[in-house]
Amino acid sequence: MTNLPPMPAAPPAAKSISRRTGWIIVASIAAVLAIVTTVVWMNGRSYEDTVAACKKALNSTSTKTNRPDACQDVKADDYDALLVGWSLQHAFDDLPKTDQDTLDYYDDGSINGSLG
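Under this note's numbering, the first residue of the sequence shown is numbered -1, with each subsequent residue one higher.
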């Protein structure tokens, strides 16, 4: 025979954790999940970010039915307002940029028959 120590008759019983330790583990897991959920939620894209991206994506081919990809999640009323604002901005940008007055004022500040 060999010089091996004798084998125990039965494996040792597993130690159970106390109720307090169990609650500490559960509370720790809940806290970690709450922190992870908060971080994910805070890093998510807000509606204002979506509208700002849509405003940047508008171009001359944008219409009510032909939305840019960045504008797909924007509400219809908000998209219409952005589209009108974009159109007005570009209408003003297309106006001539001269500082000349079309009326012929004399030095005394009156029109003096220049409309005739």
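Because the hints were derived from the structure by calculation, they are not lab data. On a predicted model such as this, the values are computed, not experimentally measured, just so you know. Treat the hints with caution; some may be incorrect.
Said to hold, decoys possible - Derived CB-CB ranges, DEER-like:
{"#": "1", "residue 1": "Ala68", "residue 2": "Ala12", "range": "35 to 45 Å"}
{"#": "2", "residue 1": "Gln87", "residue 2": "Thr63", "range": "39 to 49 Å"}
{"#": "3", "residue 1": "Ala32", "residue 2": "Ala74", "range": "45 to 55 Å"}
What the hints assert, rightly or not - Calculated pairs, DMTMM-like style, for lysine to aspartate or glutamate (alpha carbon to alpha carbon, straight line, at most 20 Å):
{"#": "4", "residue 1": "Lys73", "residue 2": "Asp91"}
{"#": "5", "residue 1": "Lys62", "residue 2": "Asp75"}
{"#": "6", "residue 1": "Lys54", "residue 2": "Asp71"}
Note that CB positions come from ideal geometry on N, CA and C, so glycine has one too.
Cross-check of the supplied hints:
At about 57 Å, the beta-carbon gap between Ala68 and Ala12 misses the expected band of 35 to 45 Å. Between Gln87 and Thr63 the beta carbon distance is about 21 Å. The supplied range of 39 to 49 Å is therefore violated. Roughly 36 Å separates the CB atoms of Ala32 and Ala74, a value that falls outside the hinted 45 to 55 Å. The straight-line distance between the Cα atoms of Lys73 and Asp91 is roughly 27 Å, outside the 20 Å bound, and the hint therefore fails.
At roughly 10 Å between alpha-carbon atoms, Lys62 and Asp75 fall within 20 Å of each other, so this suggested pair holds. Restraint check for Lys54 and Asp71: the C-alpha separation of about 14 Å stays at or below 20 Å, so the hint holds.
In this structure, the earlier hints numbered 1, 2, 3 and 4 are contradicted, and the remaining ones agree with it.
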